[in-house]
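Protein chains in written order, with our numbering: chain A, 1 to 302; chain R, 1 to 325.
One or more of the hints may lead you astray.
[Said to hold, decoys possible] 16 Å max Cα-Cα, derived EDC-like pairs, lysine to aspartate or glutamate:
1) R:Lys-141 with R:Asp-167
2) A:Lys-300 with R:Asp-55
3) R:Lys-141 with R:Glu-185
4) A:Lys-196 with A:Glu-118
5) A:Lys-196 with A:Glu-297
6) R:Lys-109 with A:Asp-35
7) A:Lys-300 with R:Asp-73
8) R:Lys-302 with R:Glu-252
9) R:Lys-9 with R:Glu-31
[Claimed, not checked] Ranges between beta-carbon positions, derived for each pair:
10) R:Thr-60 with A:Leu-55: 48 to 54 Å
11) R:Glu-200 with A:Gln-63: 56 to 62 Å
12) A:Gln-197 with R:Thr-60: 56 to 62 Å
Quick caveat, the hints were computed from the structure, so don't treat them as lab data. Glycine residues also receive a C-beta, built at the ideal position from the N, C-alpha and C atoms.
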Amino acid sequence: MAAQDTAPRDTLDVGEQALTDMIRVAVPERSLRHDLRAVSIVWRRELIRFRSDRLRAVTALVQPILFLFVLGTGLSRLASRGLPSGVHFETFIYPGVLAMSVLFTAIFSAASIVWDREFGFLAEMMVAPVRRWTIVVGKCLGGATVATFQGIIFLALAGVAHVPYSATLLLTLLGELLLLSFTLTAFGVMMAARIKQIQAFMALTQMVVMPLFFLSGALYPLNGLPTWLTVLTRVDPLTYVVAPMRHAVFSHLSLSPLAARVLSPSITWDGWLVPVGLSLAMVAAMGAVMLAIAIAEFRKTE
Amino acid sequence: MTPAVSVSKLTKKYGEIEAVRGIDFEVDTGETFGFLGPNGAGKSTTIKILCTLADPTSGTARVAGHNVVKERDTVRRNIGLVFQDTTLDSYLTGEQNLRFHAELYGMPKAAFAPRLRQVLEMVGLWDRRGGVVATYSGGMKRRLEIARGLMHAPRVLFLDEPTVGLDPQTRVSIWEYINDLKQREDITIFLTTHYMDEAENCDRIAIIDHGQIVALDTPEALKASVGKDRVQISTADDPAAIRALADEFGLEAGMHEGLVTFSVESGEHFVPRLFASLPVAIRSVSVSRPSLDDVFMSYTGKTIRDAEASAVDRNRMLATRFGRR
Chain A
1 MAAQDTAPRD TLDVGEQALT DMIRVAVPER SLRHDLRAVS IVWRRELIRF
51 RSDRLRAVTA LVQPILFLFV LGTGLSRLAS RGLPSGVHFE TFIYPGVLAM
101 SVLFTAIFSA ASIVWDREFG FLAEMMVAPV RRWTIVVGKC LGGATVATFQ
151 GIIFLALAGV AHVPYSATLL LTLLGELLLL SFTLTAFGVM MAARIKQIQA
201 FMALTQMVVM PLFFLSGALY PLNGLPTWLT VLTRVDPLTY VVAPMRHAVF
251 SHLSLSPLAA RVLSPSITWD GWLVPVGLSL AMVAAMGAVM LAIAIAEFRK
301 TE
Chain R
1 MTPAVSVSKL TKKYGEIEAV RGIDFEVDTG ETFGFLGPNG AGKSTTIKIL
51 CTLADPTSGT ARVAGHNVVK ERDTVRRNIG LVFQDTTLDS YLTGEQNLRF
101 HAELYGMPKA AFAPRLRQVL EMVGLWDRRG GVVATYSGGM KRRLEIARGL
151 MHAPRVLFLD EPTVGLDPQT RVSIWEYIND LKQREDITIF LTTHYMDEAE
201 NCDRIAIIDH GQIVALDTPE ALKASVGKDR VQISTADDPA AIRALADEFG
251 LEAGMHEGLV TFSVESGEHF VPRLFASLPV AIRSVSVSRP SLDDVFMSYT
301 GKTIRDAEAS AVDRNRMLAT RFGRR
């Protein structure tokens, strides 16, 4: 440990002296603290990269804004006949479009893994003396944070869709967005573990993202659908976040219970009502399973 | 003292392809050890195994005294690695790249700032540390990678083709940094190269061809073992010249790099005799002292460029099968 003792003294010297003496660095044994530092730096890197990429933040907002304002306004004339007076179509689709605002960013943030593989940076992480899970978890947290941030911008637009700015509502939506973002990022990372080319990843996610969105009931109520569509909506994980979010929004509007039930029906499994808690727990469980698969994929060596 | 690297009966198969076919060697602590061979000879595969990025099919390898399969993390803590392709995040600054590395390796926080300055000054990038890596030149990126590989003060530094793809001037400067590093740090350097002139910088060299070590010694000893000058001639009729060399002088000549090539004890004394006796018109002559290229040729029967041409296909097969890891 003599080397350790001399190290701080060297660092105080400026110039040649400090350079000629090698600074001893003891890389510590692996510990939980070390693992958490690794998670944290992988996470922070995602944030730094997002900050330097403002274009991505802007472009990711274009699509949900189009849906909410252009499609929402355009369809509202047609749809208003089916809505009780005082309820706007924009309000109805707002929860679904909010989910959409994190959908793209969350899944595409996993593209950075494919990117890192193509540009070699993944190798730098893979050869480090850390457990592989730290890298995967750091990536997921990074993607989830960035996507949630995206969602927060959209949350700020709630008033435009006639959704009240209530603190409890906003916090509920924020929590649900965070959960959704994490699960979606885990899904993206799981796919990115296997896919080696960025083009293939982009094509695959495009193929997955749209069905996820359309089947989630983001644009229509979940009741009274034909059987085939009912089954498909119940399989889509996004459904289990959109329904609770819409439930939260509608419980903050002054509506008759009947109207609320028609517009924001609970998810049912063959007639059985799925409680909001279970619905969110399922999303969390799906996220955890996909995360576990992603970690297992990254543990493999050549 | 335990050797920095010790490898025993190491093999690696990728499906049907045997990339490494049973190699044994040891690298002493403090040594600069070169792995020399054409592309596709098994150099990078060996380095991947030593760096714990690939598991051997059979045999054992120990780095800094630890088994690369069973004590993977301990090995990783003790090695620095500079890959053949850049592995920097070009969106981050030079300093951010090194900070990422330091955090990932769990470096003590107090050691970060002084060590950062030390390694960056060593490679002449201290003033550019705030620049985004995307704005760096190829040589600067490579220097930054070397600095990063040294950040956590590894006991063994692996350099996989540290100068490939760089212009000659930058190559020379990278070697200046590496030689400088040996003066300053208590470190063992293990490198691979397919440039003969660079291998001269090593204390010892292993020549690897088709996944096997064909020679291992100091550059001087290897050259002395060849001991002959190399003569290359261009003639009006090369096949006739080769026959004539065999008939008149009892020399075994072959075609290499488009020239009739053979070895003789004393080249400058032989050339006048050649002009006097060869029945074929000679267009040009070159005589060279034994170089590592000749060493390579004498052990493998081909020049390194010939070997590369034949290895390209094999290499491509590996590359497409395993992608970039």
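**Indices of hints not satisfied (ascending)** = Violated hints (numbers, rising): 3, 9, 12; every other hint is consistent with the structure.
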